[in-house]
Each structure stands twice: as C-alpha cells, then as structure tokens.
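Top line first, the protein sequences correspond to chains A, B and C.
Residues 2 to 479 (our numbering) are what the first sequence spells out, left to right.
Residues 3 to 487 (our numbering) are what the second sequence spells out, left to right.
Residues 1144 to 1238 (our numbering) are what the third sequence spells out, left to right.
It is possible that some hints are incorrect.
Unchecked claim - List of simulated lysine-lysine pairs, PhoX-like, C-alpha gap at most 25 Å:
| # | chain 1 | residue 1 | chain 2 | residue 2 |
| --- | --- | --- | --- | --- |
| 1 | A | K103 | A | K19 |
| 2 | B | K243 | B | K110 |
| 3 | A | K474 | A | K415 |
| 4 | A | K54 | B | K243 |
| 5 | A | K173 | A | K303 |
| 6 | A | K384 | A | K476 |
| 7 | A | K256 | C | K1147 |
| 8 | B | K414 | C | K1147 |
| 9 | A | K80 | A | K216 |
| 10 | B | K64 | C | K1153 |
| 11 | A | K131 | C | K1153 |
| 12 | B | K7 | B | K94 |
| 13 | A | K256 | A | K165 |
| 14 | A | K412 | A | K172 |
| 15 | A | K256 | A | K131 |
| 16 | A | K359 | A | K343 |
| 17 | A | K392 | A | K412 |
| 18 | C | K1152 | A | K216 |
| 19 | A | K116 | A | K54 |
| 20 | C | K1235 | A | K80 |
| 21 | C | K1153 | C | K1235 |
| 22 | A | K256 | A | K301 |
| 23 | A | K412 | A | K447 |
| 24 | A | K392 | A | K294 |
| 25 | A | K131 | A | K116 |
| 26 | A | K80 | C | K1153 |
| 27 | A | K80 | C | K1221 |
| 28 | A | K392 | A | K445 |
| 29 | C | K1153 | B | K88 |
| 30 | A | K116 | A | K80 |
| 31 | A | K54 | B | K242 |
| 32 | A | K103 | A | K54 |
| 33 | A | K294 | A | K54 |
| 34 | C | K1147 | B | K94 |
| 35 | A | K131 | C | K1235 |
| 36 | C | K1235 | C | K1221 |
| 37 | A | K379 | A | K343 |
| 38 | B | K243 | B | K414 |
| 39 | A | K392 | A | K379 |
The set of hints was computed from the structure by calculation and includes no laboratory data.
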Amino acid sequence: MEWESVIGLEIHAQLATKSKIFSSASTAYGAEPNTQACAVDLGLPGVLPVVNKEAIHMAAKFGLATGSNVSRHSVFARKNYFYPDLPKGYQISQFELPIVEKGEMEIELEDGSTKIIGITRAHLEEDAGKSLHEDFHGMTGIDLNRAGTPLLEIVSEPDIRSAKEAVAYMKKLHSLVQYLEICDGNMAEGSFRCDANVSVRLKGQEELGTRAEIKNINSFRFVERAINFEIDRQIDLLESGGEVIQETRLYDADKDETRSMRSKEEANDYRYFPDPDLLPVIIDEAYLEDVRKTLPELPKEKRERFISEYSLTDYDAVILTGSRDLADYFESVVQQSSGDAKLAANWVIGDLSARLNKEDISIDQSPVTADMLASMLKRINDKTISGKIAKDVFNAMWSGEGDADTVIENKGLKQITDNSAIEAMIDEIIASNPQQVEQYRAGKDKVFGFFVGQVMKASQGKANPAQVNEILKQKLSS
Amino acid sequence: MFHTKTLAELSQLLTSGEVSSVELTQAFLQRIKQLDTDLNSFITVTEDQALAQAQAADDTIKAGTAGLLTGIPFAHKDIFCTRDIKTSCGSKMLDNFISPYDATVVEKMSQAGMVMLGKTNMDEFAMGSSNETSYYGPVKNPWNTQSVPGGSSGGSAASVAARLTPAATGTDTGGSIRQPASLCGITGLKPTYGRVSRYGMIAFASSLDQAGPMAQSAEDCALLLNAMAGFDRRDSTSIKKDVPDYTADLNKDLNGLKIGLPKEYFDTGLDAGVAEVIDQAIQQYKDMGAEIIEISLPNTHLAVPVYYVVAPAECSSNLSRFDGVRFGYRCEDPRDLEDLYKRSRGEAFGAEVKRRIMVGTYALSAGYYDAYYLKAQQLRRMISDDFTKAFETVDVIMGPSSPGTAFKIGEKTSDPVSMYLSDIYTIAVNLAGLPGISIPAGFSNNMPVGLQIIANSFEESRLLNVAHQYQQTTEWHRQIPDAFI
Amino acid sequence: MSLKADDVKKIAHLARLNINESDIDDYATNLSSILDLVEQMNSIDTSNVTPMAHPQDLAQRLRPDEVLEENQRERFQKIAPATENGLYLVPKVIE
C-alpha cells in the first residue's frame, strides 16, 4: 500500500508590539513572574479590554504581504474553557470573522521546483500565561506575564505533503514575519511556534484521513521529526488494522515521539460567541493603502533585485534573501567594499555562514561585522592579501584579534608583490631542483604545480600568486 | 431633618455654610446605624473613609473650589469596585474581595467631591428582581418590610427610599435600576448604553449593563448623571460624545410633547391598581400640554425570552473568571484542578447565579448556538427596530415600570420564570440600549407605583426634563414611608 | 424543552459547577421551564434579520501601543488565595 500524508500547520507568531493586545502592560520577555500582568491581564472583576492599534496594523501587513484578503469587518470572539493559565476562563480570539483570509505562500522544494501553500486565515488572539511545573509542595505555579501578548495565528490549508515541505513552509513564514518586523521570530522564547495537523490516506484516495493535532512544537528540527514520527505511527496503526483517533498529541523531543495529551477533548465545546466587551474592527481602503506604503521589500522582490542588481546566481540570491538580517548584512558588505558583489556573496554564503552554523549563532551575533568583512574584501581587491591568506585574516578577526588591517599588520600577512623579490626566490628554487626542471621542459606540465607550491612555501604564502605564475612560466621556459 | 432634603437642597445648605459635610455625613451614618438593621440595605458601611472624605470636602468648600456635589453623602451599589474596600457583588464568591482598584464611576464621584457612606446590598451578581438572591440576605422594602424592594439594585433603592442616603448608584441590565426605583417609590435613571463607563463595574451581561443614578428626584438624577457620564478610554463600548449639562433642560415646558403609549404595555398582565395610577399620570401630562399617541411595540412579548438567552450567555462567560485562583473564594483542600473549579464555584455561587450560568452555557454550546443565541440576536434587532420606528412619531414612550407593586418576600423564589416576567416592561429598553427612567407616580394598596419613561438614544436630557416637569406638579417623589420620617 | 438529570450534569461540568446530587432534579425542572420561556422565540421567522450583537452600531476604537502599566504584583497578590515566589498556586496541572 502506498500512503500519502496530508499536513496543515497552525503557526502562532507573537506580534512584536510594546504593550499587550488588550491592555497597556509590557510584553517584554523574561520579567519576574506576574510583574507584567496588570488588572486586565489578570481578569480582575470589572476590567475591560481595549484593542492595541499596532496589533491590527501588523495583522494587516501580514495580510497584504501574503496576498490575502484583509477583512473590512472582523470580530473578536470569546473561546470559553477553564485552564489556570487562562485568567478570564475565556480567550479573546477571532472565530467566524478573522482579520486575514485566503492568502498564499510559495515554497521551494528540494528538487528546485516551487509549490503554493494556501493560507486559510490568520486571526488575532491573546496568548495565555505559563504553568510552571517545578514542585511547589505538589502544586503548579502560574505566571501570567505572557497572558495577553498578541498572537497572530496563521492557519494553512492542508496542502503540505511531507515533513520537509512543512519545514520549508514554516521557514518561509518565519522569514516573512521578520521581514515585516511583526515578530522577532525567537523560537527559543516561544515567539514563533507551531501546531501540526497530520493525517494519512491511501494514495489516490480523495477523502481525508482522521487527523491528530501535534501541539506546540518550537523548532524546525522538531517539526520535521514530530511529523515524521506521527506519519509513521499512523501508517503502522492503519496497516495493523487499527484506527487513528482525532486527538491532541504532544511531541516529546527527548524520546522523539508524540504522545496523547490527557484527553482535553471530552470538554472540547468552546462556546464561541462575539465578545460583547469589544466592537467590530473596521478597516477601510485608505487605511490599507497606508499600510501598503509601509511594507518593506519582501523576500521574493529582494531575490529578484539581487539577481538583476548584483548579477548573482539564483542559488546565491535565494540563500542571501533567506532572512532579512542576512540580506542586510550582505548588502552592507557590498556597499562598503567597493562593490564586488560576487566576492561578497562567496564570503557570506561560504566562510561566514559555515562559521555561524558551526557555532550555532545568528548573523546579528557574528563577531565579524559587515564593516569588518567589507574592509577585508577591500584588501583582497587591492592585492594587499591573497584570497588564501584572507581565510587566516577572517579566522583571526573571528577570534577577536582586531579588524583586517590590524591582523595583516600584526601577523605580517601583507602580500609580496615586489617582482625582484619573487624572482630571487624562484631562481633559488630552480637552481636547487634540476631534476624537476628537466621533467617540465620534457613536457610534464604537472610539475609546474610543484614549483608554485615551493614558491608559496618559501614566501609563507605571501607571494602574489599571479606574479608567481607569470615569472615561473617565463623562467622555466627560458 | 437633612434626610428629607434633595441633593439640590443639600448642595445649597453646604455652600451657604448652614451645615458642614462632616455634620451631614454623621447624620446619615447615624440613620444607617439606627434604621438599617432591619432593612439590610447596606453590605458595608465605610464610616472612617466617609468622614475623611467629608472633612476633605469641607476644606474644598472653605477654599471656595467646591462643585455642586462636593460634600454630599451617597452610596455605591456593591457592584462597583472600590479600592481597598470590600466589593462583594452580593456574593459569597467575593465576600473576601478587597478591590485593588477603583471603578471609573467611583473615581468620577470622588472627583466630584462626593462622600461615600458605604456599599449597598444587591442581588448576587445583579441577577435577580427582588434582592432575595444576595448572599447577605434580602433587603426589605421600607414601605412594607414584608415586601421586596425589587432588584437587583434593591439596597440602593431601599436606602434612598428610607432616606438613609440622599442618593445612590445602581446598575441596570434588564431593569435593575428602574424596577426597584418603582417598587420603592424613588427616581431611577438607566442611561443610554455607553453613556457611563462600565470599567470597574462587575460585569453581568456586557452588552446590556449600564450604570445610573437613583435618587429622590429627576433633578437629583440630573446632577448625579453630570458627574457619572462621560467617555472612558478603558471601556471600548464607552461613547466619545460630549456630556451635556443634564440640568440645563429641566425647566423646558412640555407643550406639544408627543407621548407614545405602547398598547402592549397595558395588556392583560398589568395589575389594575397600577394601571389606574399610570392612567392618572398620563392624564397629568395631558394637562401639561402633551399629546398622547397610541403606538405598538409588536415584539414586546419576546423581550423576556430574548433577554434570558442573551444575558445568561454573556454571564456564563463573564463569570468564568471566578475560579478560585487569583481572587475570591477558594474551596478547602481541592483534590485536583477540576475539584478546585467545581467546588469553589459550586460552593460560592447561589442557586440563581448557577441557573443563569447553566442556561447560558447550554445556549452557547455546540449544536444549540443557532437556535438560541443567534436567534436571540436576530430578535434583539427586531425589538430594537420597533423602538426606532416608534421614535419616528413620538418623543418619549410611557408605561408602567413594573406590572405590579412590590411582592412579598419569598412569594416568587420557587418559580424563577414568574420572577423574570416582572421585568417585562424594562427589559426591551436594555436590549435596544435606550435610556429609561422610573419616577414615583402614586400608590396602589399603599405601595408605590413607578411610571417608566423611555427616550431615544442619548436623549437623557429630554427624559429628565419630562420627569422633572411632572415632579414640579406632583408630590409623589416627596413621600417617605412612615417608619422613616 | 425538557432537560434530564444527565443534561444538567453535563452542563454543570462544562460550566465547572458542583451541583449537589439532591438538587439536580430541581435544576432540571427550573432550567426546563426557563428554556420553555425562551422557546417562545421560535414563533417568529427571523430568516432575513441581521443579528444584533450590540446596542451601538460602532467600530472598535483602537488604543495606541504604549506601556502604561507598572508592576502591582504585591497589591494584586495580597487578595489571592495562594501564591509563592510571585506565582499563583493551583493543584498540580497534568498535561
């Protein structure tokens, strides 16, 4: 039997507002417990919500950037359930009339083709607080600082067919919300998290299988693993004559498995109704026009510009525009290094990215700033150093030994470009290797490499390679 | 004999220096001590804070910066959050709740220099029409202590009727200001929805709740509304509209005023004695030059059914925050989370509150939403449209506030539906968000009868004018129960 | 509409209300009579009527994105049933 998996993602992006969605308390991460939970966040008797203008603006930006319909009339509704991290006993969310509907995202697949993933809707809602399970005499502690932080819940169509596609889509959205500056994308702090709806069906079958929802997955790696585990689990179950039940599951990263959450389902009757403390959010054309003007250059536009403006390959442009920070870094290097875009691209995609990956840090934490890399590239261009020596300079800059010029000066890495000095070295090497000279002259061209190596060794790598080549050729053939 | 005076009269005595706010406050505190034991109209008396506020008011008066309400004692319904003072909402759930903040209305009254004597008794979470659902026991009607004062603002109504306070605040979700005002023989105004901030007023049904003044006269209500009304940035449903001086139009004559009498308000359910009093009041208006026009509000009979979907639905959600976690009652030794929720709520909510939470929960639950909640919202529109149409031909609508006079304590407690039907004339006004006032219009079997006047949105000035003119030619609002003279 | 004891129990659970076993029948009777009252609504055809969620036909007013609240934890937790280290305590939550 051949199975096909059908996946839809619900992504919760915390919006980067200063204050909460319905109160004027701070959304800053990491404060002492309950010090940023005001009367409204705590759901004290008598308090009322008032909507944050910026949350609406951010949702509208997202809607426009994904070609969605931004609703002229959207409504906040109450989702009723009891949970200790939900102070009012209901979450203010949007149900029937969300602010964003019917958009799409294009993702690139591994074989280089592209695929469109539909966005069903994106709605605004308030985040819940946090339950801390470390033991307080057998009790759980509740911190409501996060309660009321604005979330944009982005719901995809079930267009995704594999864990890899899911990750590609999630990365794409992750990059987009940062481009739009509506979410800091910090997954470790929970600013960007994902629920995955997974089902399987026989290939060719039209009807969808019963789905399981995997809750709160907070890294790309875990999304891939959790989905793959869940697909395998469901196929095993079905092939052994079992049945998939509709339920909520949790991904346990330590055991690399999903497991059923103590069924919340039985009481899963949320009794949505329009929040009578709030009125409909009305958006008009003029407002949307203003929002449109504030949209930054989006990944796709930037990629096309990089190809045409910097003559980059499609491959390089895709990588460099993968995140707004990386793209900005690259452009800053190009501007400050007198414009050799290809060289800058090679360094950013090559040595810099490799190093960032290895140390698992993001580009804004790189010890080699765009300025530093740019001034190093300038020294390559003006032949002060060779491309090879540049690698040493880069490593030294990374370890904090100063900027390019300082490293070159301190380590004496300046390239030897004095013809007579190079000639002297070459003469000596020709003199002491008569056998190889013989071979070369007899037509064994490969030996040429041996001579280059000897010269570079003698110069400690500092001889200008082009000059070495030219002089060697001339001397060997005379 | 300060207690027989209206706010307007007390205000003059204070400015002229004939009495100080401290003296006035002491006099009323003394009356509460003497007379409220049986009446039970107060849950909390805040003597120390009252005297401190009175002293401050006297200083303001001496400094010459006093306003019309500076130094005048009054009481808040115990539904308004008062900082550092117990705010119980008539419930065991909040018996231990010392509010950490002030409601906007509380702030505004303090800013006006008024002196809070205490917090008045009420039906639990404002759910009731008789004040019998209060955790603190029923309030008695000063006109007959065997009878209910009405509700839910029964403590406010009874305390004003007994002249234990010159005025009080109330809230009205389905008649909770107008009905007790009617049953206790005082004047009570429910303003247009959105006119007075709901911030800090413990929510019963958010799309219906509105705070308003309860006092001896329409003029006093105008003075109080001047202080209470206004835009509040903390309430999304508060209206950004200038607050007029509600006393400005009080003396306009009523010549040519078009009064609509909805035939549905004089139907079979109306007590004959009440009908007679209302007829006389209408006659009085005719004599003052008003034109009487019979109108129809055809969906009147649906107001109670619609209300008992909308209000319970909203309350079932509004009262979810009372879960024993952050404030309020918590059961002893909960076994687990579910036990904490169920017992805290089960032990601390009274039967009527539980009933309404359950009706609302049911009406919103999967499979029933369309048949109940959505249907009710559609009928709400039709009820509201009836009024819109009526106000195309009339200036105000008049009728009884309640189908009967105060009933006996215990008479309707076993049959919630018969209790609900006693709000039949007031409920539609909340569904439509309109302003309404109840004024004393006479007596039937020695119990007060209230005339209800309804106006179009934001026409409180007109309502107060129409009520005041009647009170200029009648003395019903000046009547005090014998035991409290 | 007549509610049975089981319906009452289900609703009470959804609303997290503990109801004494001995009171269940009373609730069933009272709730049923309230629902009977409510069902008078069915006599009217509302198929073309726009629902009215709110008395004011207005748009939501929006608040500027400013932090105006200060830490009042001590004040708020003074009235809480159980707290420790600034956290609200509840019986163990099992996920």
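Going through the hints against the structure:
1. K103/A with K19/A: Not OK: K103/A and K19/A at ~28 Å, beyond 25 Å, violated.
2. K243/B with K110/B: 17 Å, holds
3. K474/A with K415/A: Status holds; Cα separation ~24 Å.
4. K54/A with K243/B: 21 Å, holds
5. K173/A with K303/A: 14 Å, holds
6. K384/A with K476/A: With a Cα-Cα distance of about 23 Å, the restraint between K384/A and K476/A holds, given a limit of 25 Å.
7. K256/A with K1147/C: 46 Å, violated
8. K414/B with K1147/C: 24 Å, holds
9. K80/A with K216/A: Roughly 18 Å separates the two Cα atoms, so the pair holds.
10. K64/B with K1153/C: 63 Å, violated
11. K131/A with K1153/C: 29 Å, violated
12. K7/B with K94/B: 35 Å, violated
13. K256/A with K165/A: Holds: K256/A and K165/A sit about 21 Å apart, inside 25 Å.
14. K412/A with K172/A: 41 Å, violated
15. K256/A with K131/A: 23 Å, holds
16. K359/A with K343/A: 23 Å, holds
17. K392/A with K412/A: 13 Å, holds
18. K1152/C with K216/A: Between K1152/C and K216/A the Cα gap is close to 30 Å, so the pair fails against 25 Å, i.e. violated.
19. K116/A with K54/A: Given pair K116/A, K54/A is violated - Cα atoms ~34 Å apart, limit 25 Å.
20. K1235/C with K80/A: Cα-Cα ~23 Å, so holds.
21. K1153/C with K1235/C: Holds - the C-alpha atoms of K1235/C and K1153/C are around 24 Å apart, at most 25 Å.
22. K256/A with K301/A: 38 Å, violated
23. K412/A with K447/A: 32 Å, violated
24. K392/A with K294/A: 43 Å, violated
25. K131/A with K116/A: Since the Cα atoms of K131/A and K116/A sit roughly 37 Å apart, the hinted pair is violated (cutoff 25 Å).
26. K80/A with K1153/C: 18 Å, holds
27. K80/A with K1221/C: 29 Å, violated
28. K392/A with K445/A: Not OK: K392/A and K445/A at ~32 Å, beyond 25 Å, violated.
29. K1153/C with K88/B: 34 Å, violated
30. K116/A with K80/A: Outside the cut-off at roughly 34 Å; violated.
31. K54/A with K242/B: Judged against 25 Å, a Cα distance of about 17 Å means the pair holds.
32. K103/A with K54/A: 23 Å, holds
33. K294/A with K54/A: Holds, at roughly 17 Å.
34. K1147/C with K94/B: Roughly 29 Å between the alpha carbons, so the hint for K1147/C and K94/B is violated.
35. K131/A with K1235/C: 13 Å, holds
36. K1235/C with K1221/C: 22 Å, holds
37. K379/A with K343/A: 13 Å, holds
38. K243/B with K414/B: 41 Å, violated
39. K392/A with K379/A: Holds. K392/A to K379/A sits at ~14 Å (cutoff 25 Å).
Going through the hint list in order, the structure does not satisfy hints 1, 7, 10, 11, 12, 14, 18, 19, 22, 23, 24, 25, 27, 28, 29, 30, 34 and 38.
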